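Assembly of the complex is requested from the two constituent chains, each provided in isolation within its own frame, with the hints serving as guidance.
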Amino acid sequence: MATILDARSLNKCFGAVTAARDVNAAVDTGSIVGLIGTNGAGKTTFINLITGYLKPDSGSIHYAGRNITPLPPRDITRLGICRSFQIPQLYNSLTVFENMLVGLGVVLRNAGRGGFFQRGEPKVPGFDGSATEVAGHLLDRFGLTEYRDRSAQVLPGGVRKLLDIAMTMVAKPKILLLDEPTSGVSAEEKFGIMEMVLTAASAEGATVIFVEHDMEVVSRFAERVLAFYDGAIIADAPPAVALRDPEVQRYVVGSELHRPDVKSGARRHA
Amino acid sequence: MTRDRTLLVVLGALAFFAAVGLVMPKWTLFLLTIALAKGLVVMGLMLFLRAGLVSFGQALFFCVGGYAAGSLGHFLGRSDVFLLMLAGGAASGIAAFVLGFLMARYRGIFFGLLSLALSIILYGLLVKTEALGSTDGFNVLPYTVLGARPGEDWVRYVLVVVAAGAAALGVNRYLSTPLGRLAPAIKDNEIRVEYMGASARRAIHVKYVIAGVLAGIGGALVAAAVGHIDPEMAYWTTSGEFIFVAILGGTGSVLAPLLGSIIFYSIHSFAFDLSPNTWQMVLGTALLVVIVFLPNGLWSLFVRGRVA
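Chains A and B, in that order, give the protein sequences.
Numbering-wise, the numbering used here puts 224 at position 224 of the first sequence, and it's gapless, one number per residue.
Numbering-wise, the numbering used here puts 81 at position 81 of the second sequence, and it's gapless, one number per residue.
Hints in this document: simulated from the structure, not taken from any laboratory.
Be aware that a few hints might be false.
[Unchecked claim] The calculated SDA-like cross-link candidates involving lysine to any residue, where the alpha carbons are at most 20 Å apart (straight line), are:
1) A:Lys123 / B:Ser176
2) A:Lys123 / B:Ala18
3) A:Lys55 / A:Arg78
4) A:Lys123 / B:Leu7
5) A:Lys172 / B:Ser199
6) A:Lys123 / B:Arg173
7) A:Lys55 / A:Ser9
8) A:Lys172 / A:Val33
9) A:Lys172 / A:Ala200
10) A:Lys55 / B:Ser199
As the structure is a prediction and not an experimental result, all values here were calculated from the model.
Next comes chain B alone, as it looks inside the complex (with noise of 0.2 Å):
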């Protein structure tokens, strides 16, 4: 086995990040936190594959997470950053724990369905419910740091590198327990798992609110950094998305989807600024050429060839 070099990469990805985003122009700091801090939300979906499993809605808890932070500031004025991540995080933690004893029963298609149903229940509720804007949700008040408003966009953006990069550490620790290491067994052979005396179903369970955290906080960036939340945070094309971004980057590593997010985002951002009417072309196009030349996502780049 080689060592796990995960916590140096990500000290000096910290690094670097935080550097660059004192030289880079504005709207890259933007993009960033975005990518970033959807990356959050396609670390759990990496969980999932890991196991097999793949949920069509994990935008359910993207949203919730959003909603949860919004709903702070609308209704209770409340605007620090770290109160909106605990919020989000907490919110769709939750939802995912409650919503996980009925989702961890479920594999295959079935898990991915069932959890699509979910999210388009949760939209169509936003859809129809006024206090909460309807199809036009409501503005996100500008948030806060410790009680001061952040002038400069790094600081903002420093803070959602921050995150992830905890999010990953604290993931990439999860990975390497026993119940972490379930997961590859678990899509190769569930009732060899039981028969090794372990849960599968309760160790699909915990990775579900582990990913709706993920998924919550995801959302709480989002919804300060854009300042706005609305129901489409919760449409199936946002887990779809997701989806996309977890194929494009791979499930070798935590990182993984982190990198996986900045490409698509940064993809995302220049077709469709060079070509607006045929931008999905191009990011198909990407994402063929990924899954034709690296199956294992852009992350196997990083992998010297394992021995069979």
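The shape of chain A in the complex, shown without the other chains (with noise of 0.2 Å):
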């Protein structure tokens, strides 16, 4: 399979802390990675410099063929690059639905469309329909319908997730990074909301990033895995082995027993 997402000796230092140490990636057309690694290991790090908002010290990002690493993070969410946040980033003030048109009137923007002289409703590129129509049928996909009206500022955790994630989707994503998609949920909605995603990113054939701490979701949905500890991936291969490797069950599987120092400060919530 083609390589849609390439990352060569990444290294990024925030002080005497180290988030990335020579980290090598190349990422598959279409497949579903999973990032696992205890807190600072570097796995939002790693997310942060693919999407632009950290500048690796040394070392760079190619996206399909193209060296993206000098980008800002709106020039690589136009190439298709979106992201979700750990922390929903919702705009509090709106509604549900209304969150979901900012983004779809981003999309319409940067096509050219929805000017000051647009007549009607344009289209939105790559869906069939006006940001009205995409917005309820994107509401509908991932079941946020009933809280379509009600202000993002008094969601449920659940669902503040699920629409962080659905904002990510109007800009049909070529590769999808979604920063703990299931922390803060329910162990009952943590399988519900990954099918529910996976679902609507393979619908559109997106590749799809993931950081989860929780490891049956990881076997259960990742197609491959890359365990980071202080700043380095230490393994690079299918949750069946990953998941056994004994570095991996030593630094990361095993940290709910034995956690290792938690690195400070490596962590940076965007």
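Structure, rendered in structure tokens:
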């Protein structure tokens, strides 16, 4: 399969903390990759580097053959690399529906539609319908229709999480980066959320990279696992192999029992 | 979503104001003329407020517009009111475009104080400039409308009413475009805006230019109506007055600034007449009452409660 994303020798330090240590990862088109590791191991830094929020001290990131390392997040988003957040980043003064419309508006705008002199409701590129129709359709797909007119500020945790992810879908992502899509969500809801998201992503042919702490979720949904420890990738294999790797067992999976010293400061919530 | 009735309301209001202007006493026509012209400046502030920004120096563009319009008559002998509005709007728009590159980088208190600083610089420059009359300013030529000198106050008044209505429709249209809708999103979560593929800085720059043009047209209209301009137009108290009106009116609609403006200058006028020494207290009390009982401004009287 063709490589869609290629991270080459990424290094990133925050003072004395090394958040990325010679990180190399090539991701195939359409694959589902799980990132595991303890807090501070460098998973979110990896996502922040790919999306341009952080710039590596050295190394480069290539997307579909193009070097995207110097681009700002908005340009990387426009290329089709979209992310969700560990702590949902919503527009709290707006309703769920309006949150979706803002994103769709940006998509329209970037396609040169929906300007001052636009007549009628223009079609959203990549979708068959206007912004209002697409927003309704996406809310439906993520089971959020009943919350449509609720203010984003007063949503339950799981719903905030889903809305956060649904908002990334408006731009038709080629690569979907999910930062702990199931954190703060009850155990019963976890599988449901993952299934919903992956169904939506695979319907679009998107490549998915997700950060996850629940090894059950990882082994069930990931096709490939990247295990991070102290900024470096210590294992890169299918879940069945990676989760049995002695180092992964020691530093990641068994972390509940023998938690290694948690690095401080390395974690950045964008 | 409720259907936007702004177009109907504006057309209705235009007809209403034009009609009542025929029977109202002269001084009320002048009052409304000034209120609506300044309401244009406030409309620009409303765009900022929606994006979570407060400009403490919008008088800068109000003043540039006034001086541009005044200079047209003072130095070139031109007095057509449409030309004055064009000159005011263009001069302020260009100034806002240039300054916008700097301003769009800042948020919160930095945006506010920087805008204040810029307006104080203009005030300082004007006070020192002999050619523009220093602190005294200069008189603006009596204006003409398409070559004719309007004898009736009604004509000048209707002109401002139409200008305010047109601006309201234009800004309302802008607010319904994706770029216009971005304002509350920028206020809530700028990082998410960037991660959706939009440039918050560019969106703010565009708003800055629109607000600049509106303030420039407002300044030109006030200059033409009053017949005199001076550096006081750029003074920080003038900017403060605009913010006062913006908060009074609210940000719920493009019509809110115009409504707020009419009410503010009416109260101002009556308070000044009835208690020349304590009129500021009356205005202050009015604002306090609005802030306490209508935190979203007077416009919230016209909005039915939104379900949370």
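Hint by hint, here is what the structure shows:
For the given pair, Lys123 (chain A) sits about 16 Å from Ser176 (chain B) by alpha-carbon distance, which is consistent with the 20 Å threshold. Between Lys123 (chain A) and Ala18 (chain B) the CA atoms are separated by roughly 40 Å; this puts the pair beyond 20 Å, and the hint is violated. The hinted pair formed by Lys55 (chain A) and Arg78 (chain A) meets the criterion: a straight-line CA distance of about 18 Å does not exceed 20 Å. As the CA atoms of Lys123 (chain A) and Leu7 (chain B) are separated by approximately 24 Å, the hinted pair breaks the 20 Å bound.
Restraint check: the Cα-Cα separation between Lys172 (chain A) and Ser199 (chain B) comes to about 19 Å, which is no more than 20 Å; the hinted pair holds. Taking the CA atoms of Lys123 (chain A) and Arg173 (chain B), the gap is about 19 Å. The hint holds against a cut of 20 Å. Between Lys55 (chain A) and Ser9 (chain A), the direct Cα distance comes to roughly 13 Å. Compliance with the 20 Å bound is thereby established for this hinted pair. This hinted pair checks out: Lys172 (chain A) and Val33 (chain A) have alpha carbons roughly 19 Å apart, not beyond 20 Å.
In summary, the hint linking Lys172 (chain A) to Ala200 (chain A) is supported, as the alpha carbons are separated by about 10 Å, within the 20 Å threshold. Distance check on the hinted pair: Lys55 (chain A) and Ser199 (chain B) sit about 18 Å apart at the alpha-carbon level, within 20 Å; holds.
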